[in-house]
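2 protein chains.
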Amino acid sequence: MATFTERLSEAVQMKRTPLLVGLDPRWEQIPAALRESAGDETPLSKAAVYMQFCRDVIDVVAPLVPAVKPQAAFFEQLGPAGGAALAEVIAYATSKNLLVILDAKRGDIGSTAVAYAEAYLGREASAWGADGLTVNPYLGDDSLEPFVEVAQERDAGIFVLVKTSNPGGATFQDLTFDGAPIYQHVAALVEEQAAKTSTEGGYGCVGAVVGATHPEQLVDLRDLMPHTWFLVPGFGAQGADASDVAGAFDARGLGAVINSSRAIIFAYRREPYAETFGEGAWQQAVEAATLHAIEQLQAATSAGQL
Amino acid sequence: MATFTERLSEAVQMKRTPLLVGLDPRWEQIPAALRESAGDETPLSKAAVYMQFCRDVIDVVAPLVPAVKPQAAFFEQLGPAGGAALAEVIAYATSKNLLVILDAKRGDIGSTAVAYAEAYLGREASAWGADGLTVNPYLGDDSLEPFVEVAQERDAGIFVLVKTSNPGGATFQDLTFDGAPIYQHVAALVEEQAAKTSTEGGYGCVGAVVGATHPEQLVDLRDLMPHTWFLVPGFGAQGADASDVAGAFDARGLGAVINSSRAIIFAYRREPYAETFGEGAWQQAVEAATLHAIEQLQAATSAGQL
Chain A
1 MATFTERLSE AVQMKRTPLL VGLDPRWEQI PAALRESAGD ETPLSKAAVY
51 MQFCRDVIDV VAPLVPAVKP QAAFFEQLGP AGGAALAEVI AYATSKNLLV
101 ILDAKRGDIG STAVAYAEAY LGREASAWGA DGLTVNPYLG DDSLEPFVEV
151 AQERDAGIFV LVKTSNPGGA TFQDLTFDGA PIYQHVAALV EEQAAKTSTE
201 GGYGCVGAVV GATHPEQLVD LRDLMPHTWF LVPGFGAQGA DASDVAGAFD
251 ARGLGAVINS SRAIIFAYRR EPYAETFGEG AWQQAVEAAT LHAIEQLQAA
301 TSAGQL
Chain B
307 MATFTERLSE AVQMKRTPLL VGLDPRWEQI PAALRESAGD ETPLSKAAVY
357 MQFCRDVIDV VAPLVPAVKP QAAFFEQLGP AGGAALAEVI AYATSKNLLV
407 ILDAKRGDIG STAVAYAEAY LGREASAWGA DGLTVNPYLG DDSLEPFVEV
457 AQERDAGIFV LVKTSNPGGA TFQDLTFDGA PIYQHVAALV EEQAAKTSTE
507 GGYGCVGAVV GATHPEQLVD LRDLMPHTWF LVPGFGAQGA DASDVAGAFD
557 ARGLGAVINS SRAIIFAYRR EPYAETFGEG AWQQAVEAAT LHAIEQLQAA
607 TSAGQL
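Chains A and B, in that order, are what the protein sequence lines are. Just so we're aligned, residue 1 is where the first sequence starts under my numbering, counting upward by one. Just so we're aligned, residue 307 is where the second sequence starts under my numbering, counting upward by one.
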């Protein structure tokens, strides 16, 4: 199998977009007809709805985008039944030739970090079968190493939280040490690992999560992290627009994937899609919102070079 | 139901020890007879062994200690089958009157953080049914708030990573800003939330994870965080001894729980228990190691006041 970054580059080039669709099944926002099909609201019934909803989204977006990003929290909220649904969603997305980056923000030390890495990383080698995983760096360098090692062994990838898109991302990430904010110290460690695992001057298997709500920081970090893929949340529902994420890309339109979750999967709930399609045609709203996001990224960023 | 801190204080006082037993089922270290009972090594079979192993540990330690701390990573390593086992282990420990603090180090923002909090926090209200959960602070103040709110609503508790016991804990946690290391800035936020949720001058529902490998930091943090329960890992297998954790307690022997995982649950693998009991009597080794750890904590800390 090709390395994670090779697969990601290929997928982005083949689909001609860096758009990543976030699979965040929030019960209250799922179309009523699907929710009602559950019959009741037990975790098992809800999990079946989450699975169906995600499969329906995947059917629409699989021809259009390179990857999906399931959010573990919403599945875990349903207990063990949610876990089974998540595994099926990952398998289904994989069967549709999508890369799967699981957003689970794991982090621990030593053999516990190894367990998390082995749990999630690797399409065939892991129980969950993800291509990539988000990782939290607070526990330090030796907490990241097991994830890097397992990712490299299994041709998988990780995305380490560097600068997050929420207002509270400033609380600790922006405190300065030695003239640079903490997130830049994290960035330096991530870039070091990315460079070490990169192939022929390209990108490594270690990426960074950098929020779209900080356009100027994206530009600075792109300079500081030439071997690091960026996963950029915050585009769409969190308020950033396509021009805000332009700094995340290299000249070829590569080096970054841009996530949009709610603005795509629940597009039927907002204008203009609510009026054009409505709840009954919610999958058409997903398609229209995906195409619109792709166009915005092509117009305002180097993704137009793809 | 009483608040989490009331239940934790009561349990510590009733058992007369702050010892927390970590449930870290590592496949290779589980007694061979139990592993062989699985028949094969599919995730489902391994999950059944993890469940049985943890139940056997719980049967031994339930009369002796106030709480257990399952480590989510080892269960997640088995995929969805591991999740089902984890839920059963939590339910079984609860049925034996143990408090359950799930070590899952979750962290996210906004409605995603709410989903994690709702997933795990609350013995009856959540799908997983834990009394407490470990939380990672890297995403900042607004990422902790949902956990605090849900914990308070549901009489549950959280333990936020402040200073971890691994060497790499220094990588970012020890960088200094404004004269204090980052972990003290985290500590200040945690104490603020603990004070806000405390009842009658006691402890709040927000605790801190502080490694036992930094005895002098434990003393300083105890002073800085008078309303904050400490969860202290690193005692036992990670090299700290009982005198190293003395600074974590208040004068009554309360305010901290001290975790030991491998040194207790896999005691049969090391001396003197390997020779005295051996693999066949591994549960007796668990009991002897638990009693020994309790004695050490009573002799060297204010837990002797309990």
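One thing to keep in mind: the hints can contain errors.
As the list claims (entries may be wrong) - Listed next, the stretches of chain B that the computed footprint assigns to chain A, with coverage defined by at least 3 CB atoms under 8 Å from CB atoms of chain A: (1) 332 to 341; (2) 437 to 446; (3) 476 to 483; (4) 515 to 521.
By construction, these hints were calculated from the structure, which means they are not laboratory data. C-beta atoms are modelled at their ideal positions from N, C-alpha and C, and glycine is treated no differently.
Sort out which numbered hints this structure fails and list those numbers smallest first.
Hint check: 1, 4 fail, others pass.
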